[in-house]
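Trainee: Top to bottom, those sequences are chains D and S.
Per our numbering, the very first residue in the first sequence carries number 49; after that it's consecutive.
Per our numbering, the very first residue in the second sequence carries number -12; after that it's consecutive.
Sample of chain S residues at the chain D side, in silico, Cβ under 7 Å:
hint, residue
1, I36
2, L52
3, K64
In case anyone wonders, no lab produced these hints; they're calculated from the structure.
Here the structure is a predicted model, which is why all the values come from computation and not from measurement.
Glycine included, every Cβ here is placed at the ideal spot set by N, Cα and C.
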Amino acid sequence: MAEAIHEVHRHPAPTGFIRKYIFSIDHKVIGIQYILLALTAVIVGLVMSVLMRMNLSWPGTNWPILGTLFPTGAPGGIMTPEFYLSLVTMHGTIMVFFVLTTAPQGGFGNYFLPIQIGADDMAFPYLNMMSFWVTFVGFIVLLTAILAEGNLTVGAWFSKLGESFAAGSGTVGPIGGWTGYAPLSALGKIAGPGQGAGVNLWIISIAIFCVGSLLGALNFITTLLNMRTRGMTLMRMPLTCWAWFTTAILALLSFPVLLGGGILLLLDRVAGTSFFIPGGLYVSGALVPQHTGGSPLLWQHLFWFFGHPEVYIAILPGMGATSHILSTFARKPVFGYRAMVFAIFAIGMLGFFVWGHHMFISGMSPYSAIAFSVLTLSIGVPSAIKTFNWLGTLWGARIRFTTPMLFAIGFVSLFVAGGITGLVLGQTSLDFFFHDTYFVTAHFHLVMGVASIFGMFAATYFWFPKMFGRMMNENLGKFHFWITFLGVYAIFVPFHAMGMVGMPRRYAQFGEYEFLKNTHGLVLFVTVAAIITAAVQLVFYFNFFWSMFKGKKAGDNPWEATTLEWGIPSPPPHDNFAGIIPEVHHGPYEFSVPGAAKDYIMQTDPEAAT
Amino acid sequence: MATVTSTETAAKPGIGPGWPKPPGKNGSNGNGHRRFGGDKKFPKDSYRITVWILMASIVMMFVALASSYIILSGDEKWQPVRMPRAFLVSTALILVSSVTMTMARRQLSLGQSGKYKAWLSLTLLLGIGFLASQFKGWQQLFAAGAFLAGNPHSSFYYLFTGAHGIHLLGGLSAVTYLAVRSGQVLTGLAREKRFAAIEAIALYWHFMDGLWVGLFLLLWLWK
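Chain D with its partners taken away, still in its complex shape:
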């Protein structure tokens, strides 16, 4: 029997530690590697956001530890505005790229897409390994960017690479926002502090990340198209697979544009080209003589052509996981499966035609603005289809309120709460007022940040038993859910009010502004909420790592779910199906089928079971 197993699988089980856990070509190990990378990156991003909140609430406070770590960025322990700006930049970059893009797609997608379609691995296992390690290198380069800019010793090493790599300013990390708007991002040191080697490395890191994501997307699409097992027709795939597939298409078509833009930006900085730098530009009181003929607006077009699909790359896998989990714990089929498939595809495709709504005040013909506005609002239609179908799935159900279910319901709540303000910001007239205020920050944090993360929390609690063979602790999970759920609303609902008052985003201090005096109490409240919410995540980390070794043993199918991954042992064997090729006879969500023996029918159950 053992020989037969190896014959079916294309690569034998690895034996050494390095091939098994480090340079593994097993999609399950790679998936967990992605998840661990995201779990690491998210700590960095979260600490940064807490630091930002503390600076906003208690400006000028002495934080001795910061003074020790960053003698220039926080002299005497007092945070400089530059320090704050680089926190903004790095928080955004780390969260968007290395958390919201890696965990949902690279992590859970890698682990569960092949299993859910009945394949023994990805189409190209080596490519899969490459995409993780390329992404990992991107992360290391990004961390190096902080040091190259924030630490004068490390910065000095990089100055040997050329003028544009000249030692950083000593502020923590590069400055430019996660959007890196030209022309300031294209000019180098003349543009001010935080514009030296750090920005170069920031661009390089993102370019590397693009390559990693592209390799991953290639693999995902090929696998899904070509590796589905017998009986797994497209319309029998779990909605998670549809979500990962759509996300892979978005990544495939949007990351190359960012890569192209990044190359142009880097050339502007290191090779003296003028793609984004117009002629006759005055910066820091001096004329920039050597550049001519570029367009700063071009960078915004390239960036947002990528940037808008990117927010769907972050959230679509969460939508897939939510649909999947809602159905499982409502013990009902997903309401309107086909509509869900078309809606997720429609959201993905429409996402390519709305990038202009990020640029309403950047200089745009009012006619184009109207077109972008109408297209943007039209995304509300498939989004509403999804929301009502989620509600339809829950309607009249005997819901099992497990932790993953709570997080999935939380996802729906946050998606609606954050998405509804998209209808406000998508209108040109309203955006004129709200642009670059905390209202925008509230919108995208709720919908793309927190909602996606809730989708991933739901996925983690849901699939943890399959990945590690043990259950996560339910009580800790519920505690984690309730504090986080209330916490994120406590943080981001006040943001809307601040935005309506006119509080601009990315400002390090508000003390000087008369019209913002009244918001101080609110700012303080948000900070306290943020600190509590961030602290509660420690409970999640504890639960995650503790349950890995000490959790209650999980059976093959602890949630009584229907899809293929629940028909195999937990954790799954090296080739997923132990040499037995699954054959699919049922749709993914056959719960409470009238006349059936059990309240759920596995996809692999024979036809007779109905």
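Starting from the known structure of chain D, fit chain S onto it as the hints suggest.
Mentor: Chain S in isolation, oriented as in the chain D frame:
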């Protein structure tokens, strides 16, 4: 049911003697891939599908760069640069290389492995010649005083040729691999894999040809 048993399919003549029947559809269609049909472990559509997907992403990058080109060409400070002659030569070389690639595939399908090797080597030489000619083009640009740094039109010359060249290097190494291994006599799975690889590499090669022609016309005509 006959479609899944791969031995049968592989034995059937397709394009020519010995050429495996081209699959009618992309992907498994949920009918189980051929690995599950018998002793085959290789879903042979994978290479071709992947190259198509890869081309989509490469197209997106070059569309982004070409859009930038078109936008910046509207700037009042845009200074057009004359097309260096070497790029005309390169264009001819790469066009011919597509023909030789097609010839190589045809010879293989006719079972003429010697001629296959010859045409493949010629393709390889033409590819190397193309890159050499591109380099010559850079020298001519230099001589004309058009550098990477400077006005966008001259920068785009280097950018397009460089970005295309890097992608072509990938194709070139794949063709080199095929040429080096062209003497091998393969059977069974390995043979099926090789045929799938040749098909995919040829597809990519033609794509590189078309991409260059597009970029060339853009640089030449859209000033």
